[in-house]
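Spelled out from the first residue to the last, the chains are:
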Amino acid sequence: MNKNSPLALLFNIVFLTFMLAPLVIICLVAFTSNGYISLPTNGFSLRWFRAIFEDSQFVDAFYLSIKLGVVSATIAILIAVPAALAFARYDFKGRSVFMALFLSPMMVPHIVLGVAFLSFLTTIGWYGTFIGIVLSHVIIVMPYALRLVLSSVVGLDQRAEKAAVSLGASNWVVFRHVTLPMILPGVVGGWVLSFITSFDEVTMSVFVASPSTTTLPVKMYAHITETIDPLIASLSALMIFITMAVMFLLDRFYGLDKILVGKGK
Amino acid sequence: MNTLSNPVNQVRPYLLSSPALLLYIGLFMIPLIMTLMLSFYSYDVDRGGVVAEFSFTNYVEVLSDSYFHGIFFRTFALSIAVTVLCVLLGTPEAYILHRMSGRWKSICMLAILGPLLVSVVVRTLGWAILFGSKGVINESLLAIGVIDTPIKLMFTNTGVIIALVHVLVPFMVLSVWASLQKLDPMIENAGLSLGASPFIVLRQIVVPQIMPGILSGSLIVFALTASAFATPSILGGRRLKVVATTAYDEYLGTLNWPLGAAIAVLLLVANVIIITTYNKFIERKYSQAFK
Amino acid sequence: MSFLRLEGLVKRFDDFVAVEGMNLNVEKGEFVSLLGPSGCGKTTTLQMIAGFVTPTQGRILINNQDVTHLKPSKRNLGIVFQSYALFHHMTIFDNVAFGLKMRKIDKVESDERVREILSLVHLKDFAHRYPRELSGGQQQRVALARAMVIRPEVLLLDEPLSALDAKIREDMQTELRSIQRTLGTTTILVTHDQSEAMALSDRVAVMNKARLAQIDKPFALYEHPRDSFVTEFLGKSNVFEGSIKDANDGLSSIDVSGLNLLANNTDHTIGQAVDFSIRPEKIRFVAQGKGVIDGTISSRIFLGNQWVFQVETSIGEFSVVSLNTSHIDIDQGSVVGLDWTPSEVRLLTREVA
Ligand SMILES: Nc1ncnc2c1ncn2[C@@H]1O[C@H](COP(=O)(O)OP(=O)(O)OP(=O)(O)O)[C@@H](O)[C@H]1O
Ligand SMILES: [Mg+2]
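Protein chains in written order, with full-length UniProt numbering: chain A, 1 to 265; chain B, 1 to 291; chain C, 1 to 353.
A few of these clues could be false.
[Stated by the list, open to error] In silico DSSO-like cross-links for lysine-lysine, where the CA-CA straight-line distance does not exceed 27 Å:
#	chain 1	residue 1	chain 2	residue 2
1	C	Lys101	B	Lys285
2	A	Lys93	B	Lys280
3	C	Lys167	C	Lys217
Hint data in this document are derived by calculation from the structure and do not stem from the laboratory. All figures in this text were calculated on a predicted structure; none of them were measured in a lab.
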């Protein structure tokens, strides 16, 4: 049953067009056979997709971004799970202060974090190292990881854990075999959102990335400010395709809205 | 809740949150404090760059120079414009989505929220391609004869605003959507049965009740626009500078880190002030009717 | 002509039939309950009367005017929703005044009417509070006041009491009935609680599987249900399959598993299959061999004001209810006689599957 008026449906169509237009245009331009930005008027060509893989800088940046996303999301989750358990289970002094602190990177503009990390990493001599950029990304993704894990821990029924304890299970066994399986959806969701956030981040990374630790978005940003060519369009199209694939998989197995509610504050 | 009398339970929450706490102290608070300190240092090429002496030079420079006034003002105006547009577009869209059901609803949701998962750089590139003088927008407007010379969108405020609305409006939709979800599904019927027209139901019953969602959505959009970097940088170019791109240029262009730090600190402070006053305002206004 | 008439109302959602051939006549000032199990189409019927759902077939008439295709805002009905659907951004006063504002009634009169109705529902001291600051029972009364203040031709209530706990619910039932009597508003109440329906209504309409099964005054419905569905929906009964064997002298004899049982004559024909039904509270204990049938007590449960016994007999298990008036010394395992008068027996036409 659709309760919307024709006018509302028209608005909806215009809105969706607006949302999809820039992505669609990229995907079209990516298939051009010309050497400049243009629609593929004389046939679809994969020439610019091949060009991506011949450019070692983009390939390196891509691998770095993947590695960065995986490592920082994993570290963030490993830290967020115990913290979320503490917040959900205990009423301790400083609880609300801790919570506010842990969520606060979301409120700090990324440009400020970039500035801060650049000074900090330079001072301690970690500028240009992988570990340096990983740590800065952990801070950025932590709030998202924490929020999603927290939401699954808060909804948890503690009786199963109590039952396990009464049957003589150790703390670790309870965590591993009872708690973790129950909070797994939140943990997976938190990890995915953290990975995506890290993989897409550009504003802060522009500061902390050095020539040897350039992430893909930073590399693309630098490229676009110099020139907008079909190569960058095909690379962007490739990223859109990958995102779409991931999105459909997530939606299939998990429910996209569950992950995306974590993105809005 | 567990009992608090057990001494183990008094230590455990601190143990559990200690990794996060250490991380935040070492990698979040210290860098921010360092930046604050740096913003009070000065920069002197003759004395080898950053001079570690406390002074207000940078703040005086930023707060008295009309060049910086212009940049702060542009950022503020941009944020207001983007926020207003996001409210005007995102609220009705959220409402329309709310009234849809089944497959169409999921498809529309996917189309609106999916772009959130695509890097801002990619989305901005899309607009850059659309905006070019040989871009699709100009070509089609020329073709149907609405205009006879290409309109300039690249490197204009209008272009930056359009792209930022695209980047940020999903947050608005999400926020309004969340408050529509909390609405009693029968509330509109209640209004109708009391003799109100659909328009009055919308104006006097639905909108006031989703106001908290609209307001918190605007806050997110405003804050994110004020600190947006990639989009204004790519579409605004060198001339249309905003606070974030200025700080970037000071840092990586002229290498005046203390001045860049001062600009960043001012952005952070302005952000915090706006967010907290706005929250206070919302709380005062809605504390009685909403919890 | 009745005040509110539903004529052959049908509602289909795609292929699914939610309401089928619904005919209902409600007199002015009458209080009628729609009672039935979950999913039988009560809410859909109510929503059609309110105008939120368009009927697939049939007509709705209020005061001889066909309102089938009238907009909800033009029907002048008062509705109380299960969730109350109060306007949370308005004070109680503004909530109640909303309908009057929509009718452009002048401020002085409107204020007067709002105050009047608020004092009728005992809420005049709460006028300037917000809905969140009231208890469930109070919110429910606001919803009622908001619906009543516009002086609706018909008041529709969709399970308005189901969210309240048992004690407040009883108070609210009394209150609802007295307010309805005071104002004389024609009222339709949807509920799946049979005691609520019987306590409040002039007539109860029992629905089953999208259809109206039976409509009558509460006592008549309880005493003379038309089929075993209505019988069992209104309260427990002992129902056994049997067939009419013989009929004379005003009494029929029914063959139930080889046993001859008596009942008042009905219009059933000899040989017809019937359900033999006797309610638990109509059965008396007598000495072994002195009643209609003997049995063994298989269990007994004490419920405070009454005892419930399960008695095993040759034709099946009986349920017997006795008031806790004196000490009853019937233990589990003892053999007793069960007795009743034939006029308490109901013979129900068996539904052919
Ligand atoms: N919009 C709809 N689309 C499809 N089916 C519907 C719709 N509304 C109701 N139904 C179906 O119609 C049937 C009757 O629904 P209705 O809400 O009238 O039941 P009800 O008697 O009020 O039940 P309850 O006591 O649970 O409230 C149900 O099986 C329901 O699933
Ligand atoms: Mg119902």
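Against the structure, the hints come out as follows:
1. Our distance criterion of 27 Å between C-alpha atoms is met by C/Lys101 and B/Lys285, whose separation comes to about 24 Å.
2. Only pairs whose Cα atoms come within 27 Å are accepted, and A/Lys93 paired with B/Lys280 is accepted, the gap being roughly 25 Å.
3. Among the hinted pairs, C/Lys167 with C/Lys217 is consistent with the structure: their alpha-carbon atoms are about 25 Å apart, no more than 27 Å.
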